[in-house]
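There are 2 protein chains.
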Amino acid sequence: MVTLADVARHAGVSSSTVSYALSGKRPIADRTRTRIEQAVTELGYHPNAGARALAGRRSHVIALVVPLHPEVHVPTMMEIAIAVTVAAREHGYDVLLLTNNEGPEGVRRVAATGLADGVILMDVRLDDDRVPVLRAEQIPAALIGLPDDPTGLSCADHDFATAGALCADHLADLGHRDIAFIGYSSGVYRRHAGYAERTLNGFRARAERRDLRFLHRPCEGSYESTAGTLARILADRPETTGFVVQNEAAIGPLLTLLRASGRTVPEDASVIAVCPDPMAEQHSPRLTSVTGPQKDLGQVAVEQVMARIAATAAGDRPEDRLLLMPPELVVRESTAAAPRRT
Amino acid sequence: MVTLADVARHAGVSSSTVSYALSGKRPIADRTRTRIEQAVTELGYHPNAGARALAGRRSHVIALVVPLHPEVHVPTMMEIAIAVTVAAREHGYDVLLLTNNEGPEGVRRVAATGLADGVILMDVRLDDDRVPVLRAEQIPAALIGLPDDPTGLSCADHDFATAGALCADHLADLGHRDIAFIGYSSGVYRRHAGYAERTLNGFRARAERRDLRFLHRPCEGSYESTAGTLARILADRPETTGFVVQNEAAIGPLLTLLRASGRTVPEDASVIAVCPDPMAEQHSPRLTSVTGPQKDLGQVAVEQVMARIAATAAGDRPEDRLLLMPPELVVRESTAAAPRRT
DNA sequence: GCCGTTCGTCGAAGCGCTTCGACGCTGACA
DNA sequence: TGTCAGCGTCGAAGCGCTTCGACGAACGGC
Numbered sequence: 001m002v003t004l005a006d007v008a009r010h011a012g013v014s015s016s017t018v019s020y021a022l023s024g025k026r027p028i029a030d031r032t033r034t035r036i037e038q039a040v041t042e043l044g045y046h047p048n049a050g051a052r053a054l055a056g057r058r059s060h061v062i063a064l065v066v067p068l069h070p071e072v073h074v075p076t077m078m079e080i081a082i083a084v085t086v087a088a089r090e091h092g093y094d095v096l097l098l099t100n101n102e103g104p105e106g107v108r109r110v111a112a113t114g115l116a117d118g119v120i121l122m123d124v125r126l127d128d129d130r131v132p133v134l135r136a137e138q139i140p141a142a143l144i145g146l147p148d149d150p151t152g153l154s155c156a157d158h159d160f161a162t163a164g165a166l167c168a169d170h171l172a173d174l175g176h177r178d179i180a181f182i183g184y185s186s187g188v189y190r191r192h193a194g195y196a197e198r199t200l201n202g203f204r205a206r207a208e209r210r211d212l213r214f215l216h217r218p219c220e221g222s223y224e225s226t227a228g229t230l231a232r233i234l235a236d237r238p239e240t241t242g243f244v245v246q247n248e249a250a251i252g253p254l255l256t257l258l259r260a261s262g263r264t265v266p267e268d269a270s271v272i273a274v275c276p277d278p279m280a281e282q283h284s285p286r287l288t289s290v291t292g293p294q295k296d297l298g299q300v301a302v303e304q305v306m307a308r309i310a311a312t313a314a315g316d317r318p319e320d321r322l323l324l325m326p327p328e329l330v331v332r333e334s335t336a337a338a339p340r341r342t
Numbered sequence: 001m002v003t004l005a006d007v008a009r010h011a012g013v014s015s016s017t018v019s020y021a022l023s024g025k026r027p028i029a030d031r032t033r034t035r036i037e038q039a040v041t042e043l044g045y046h047p048n049a050g051a052r053a054l055a056g057r058r059s060h061v062i063a064l065v066v067p068l069h070p071e072v073h074v075p076t077m078m079e080i081a082i083a084v085t086v087a088a089r090e091h092g093y094d095v096l097l098l099t100n101n102e103g104p105e106g107v108r109r110v111a112a113t114g115l116a117d118g119v120i121l122m123d124v125r126l127d128d129d130r131v132p133v134l135r136a137e138q139i140p141a142a143l144i145g146l147p148d149d150p151t152g153l154s155c156a157d158h159d160f161a162t163a164g165a166l167c168a169d170h171l172a173d174l175g176h177r178d179i180a181f182i183g184y185s186s187g188v189y190r191r192h193a194g195y196a197e198r199t200l201n202g203f204r205a206r207a208e209r210r211d212l213r214f215l216h217r218p219c220e221g222s223y224e225s226t227a228g229t230l231a232r233i234l235a236d237r238p239e240t241t242g243f244v245v246q247n248e249a250a251i252g253p254l255l256t257l258l259r260a261s262g263r264t265v266p267e268d269a270s271v272i273a274v275c276p277d278p279m280a281e282q283h284s285p286r287l288t289s290v291t292g293p294q295k296d297l298g299q300v301a302v303e304q305v306m307a308r309i310a311a312t313a314a315g316d317r318p319e320d321r322l323l324l325m326p327p328e329l330v331v332r333e334s335t336a337a338a339p340r341r342t
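Residue numbers (my numbering), protein chains in the order written: chain A, 1 to 342; chain B, 1 to 342.
Bear in mind the hints are in silico, worked out from the structure with no lab data behind them.
Heads up, the beta-carbon is just placed ideally off N, CA and C, and yes, glycines get one too.
Mixed in with the good hints there might be a few duds.
To be verified - Computed footprint of chain A on chain B, listed as stretches where at least three residues anywhere in the stretch have a Cβ under 8 Å from a Cβ of chain A:
| id | stretch |
| --- | --- |
| 1 | 20-30 |
| 2 | 83-89 |
| 3 | 111-117 |
| 4 | 126-138 |
| 5 | 307-317 |
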């Protein structure tokens with residue numbers, strides 16, 4: 001193993017000089033620096049992470065807590081996770097993967113042991129039991145999602161309320177009067193997942209303002225459950241012509257079932273999905289959809305933890321940030337003017 | 001911050017005694033140990049990870065390299081990743097998330113800096129450029145997947161060749177003579193992803209032995225591309241009655257399209273999927289499928305790195321292990337006896 | 001009753017890095 | 001010409017933990 005001292009000897013300087021040359025925290029003469037850099041490559045020096053963490057009181061690692069619920073849409077989550085690791089690397093940070101099955105204790109553990117300098121929480125519930133831990137231990141953190149009380153925290157999320165409102169507006173503009181909102185399974189709502197509740201609330205408020213009649217139906221997402229959900233909707237409200245779907249798994253079945261029931265999309269029924277663009281693109285017909293960029297969410301979260309880590313290290317009180325990213329509605333082939341009433 | 005020394009003072013012993021009491025590496029009197037444990041909880045002591053890594057020459061972290069290719073099935077990958085972190089925790093290890101966009105250099109980096117004690121590689125290609133790095137730097141590693149030359153490595157994977165053979169046998173047993181194998185996009189085969197090639201080879205060998213006629217068609221998995229693929233299959237070989245699908249994304253479209261073309265599954269066409277059980281369950285009709293357990297793969301990989309880390313630390317040469325997990329065929333509703341020839 | 005063990009504990013020496021204070025130099029300014 | 005402010009470098013003191021060797025006490029065997 002090559003150490004700092006080896007590099008120093010090889011370059012004919014003291015080890016503190018090498019340290020400063022590599023960190024840039026003090027000015028070093030150009031000649032000296034190049035000599036050191038050369039020694040580094042010649043010897044193949046890699047600074048020891050443990051020693052660096054110990055002496056510098058920074059592990060250069062952030063923890064990412066990923067959800068385990070079968071309800072979350074895994075590719076979406078994964079896209080955020082990847083964006084987080086990539087963004088973290090740009091700050092010289094690595095990402096520790098934490099699952100939720102250790103509970104809040106896991107978060108405390110990695111922070112208390114100094115394994116991680118900060119934490120990013122995904123799939124934040126309104127009353128999330130990890131949040132009190134963050135506050136009590138003053139752990140630099142960023143949440144992806146919104147707890148009920150975000151004071152003292154940095155949060156980023158899509159503006160799902162607006163997303164819901166956009167759906168209502170779009171269908172109302174097209175002349176639809178009876179809408180069905182097909183959501184996640186009821187467990188998600190019971191768990192108070194913010195994204196589900198906020199979308200629904202945003203939709204509901206705008207729907208009422210626009211004089212829409214609507215039904216909200218949770219749905220497991222399997223073919224059978226979607227069939228049941230749709231059958232009940234059509235039985236309760238046969239005049240329904242607009243569908244809002246916020247459940248990635250239910251989209252495919254819904255389209256198949258509508259077709260099977262003799263309804264053509266978009267001539268007889270309009271479907272608008274709250275889902276990522278690539279997913280909207282791959283169905284047939286391509287779906288009008290509402291979404292925000294996942295990647296940016298991950299990046300923003302990283303910036304937020306970094307800011308909090310820096311502030312905490314400097315002894316300042318970190319600034320709270322709350323960022324709701326505006327969603328965009330993309331009109332594709334699955335929505336059209338409501339059919340004339342018969 | 002509470003340190004070992006604080007605990008020692010509080011318990012009235014030396015800090016080395018505390019260290020030994022907590023690690024169990026030397027016998028400590030019961031009375032002393034309980035006193036120490038009490039001090040630990042009273043003070044809320046958490047050992048500092050950096051110091052531990054530095055002094056103990058072990059970071060207690062393994063790196064998990066996840067693929068970025070859009071072709072891999074994300075939920076499957078994530079299931080393995082979760083299984084890995086859970087299994088690692090049981091060994092007192094945490095998991096560092098690495099993406100492939102740093103290339104082989106990322107693997108070298110985490111190992112050389114001592115950030116990670118070992119590495120788990122997912123989505124291993126036959127000629128994987130990370131493998132030479134593992135060998136050159138003697139990095140304790142476990143591969144999920146199979147490179148062309150596994151000497152000096154520990155590998156675990158599903159036995160995809162057998163999976164392919166099971167598919168051929170099942171359809172042959174049911175009397176099908178003309179089979180179409182719908183695979184991943186051609187990029188996957190070009191990339192020499194082992195799982196794709198091995199399944200196909202296993203299928204091909206058994207198909208020939210059983211006198212089956214078959215076509216292999218790569219497929220992107222979108223609705224449109226699946227439609228094109230199916231149309232071409234039926235044009236080239238209209239007498240095709242059996243379908244093997246190894247492409248999670250193509251399953252839904254394929255079923256819809258078969259139905260649309262007037263073929264009932266399983267009466268007119270049998271479909272067998274190489275995919276995880278939950279996915280097979282959620283289609284309609286439920287799919288006969290072949291798969292092995294993802295979770296076990298993650299666990300096995302963790303055991304393998306742990307073994308190699310231990311061996312390396314003890315100065316021994318780690319033992320190579322190659323584990324191919326036998327797949328299982330579950331008959332559900334999508335396969336039946338071939339229709340009588342007309 | 002003496003020796004050799006084993007058990008339980010201590011002290012000290014690092015692990016490889018960061019960082020603080022100090023110090024010699026050069027150059028600008030009065 | 002003397003002074004003072006950087007600049008560039010060095011030495012040393014830790015960071016909090018593990019681990020090695022040592023040592024006293026208790027104990028069994030002859």
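Status of each hint after checking the structure:
Restraint check on the stretch 20-30 of chain B versus chain A: 0 residues with Cβ-Cβ distances below 8 Å, three needed, restraint violated. For the stretch 83-89 of chain B, the assignment as covered by chain A holds, since 3 residues bring a beta-carbon within under 8 Å of that chain's beta-carbons and 3 suffice. Residues of the stretch 111-117 of chain B lying with their CB closer than 8 Å to a CB of chain A number 4, which satisfies the three-residue condition for coverage. Judged by the Cβ-Cβ criterion of 8 Å, the stretch 126-138 of chain B is not covered by chain A as claimed, because only 0 of its residues qualify and three are needed.
Counting residues of the stretch 307-317 of chain B whose C-beta lies closer than 8 Å to any C-beta of chain A gives 0; at least three are required, and the coverage claim is violated.
Violated hints for the displayed structure, listed by number in ascending order: 1, 4 and 5.
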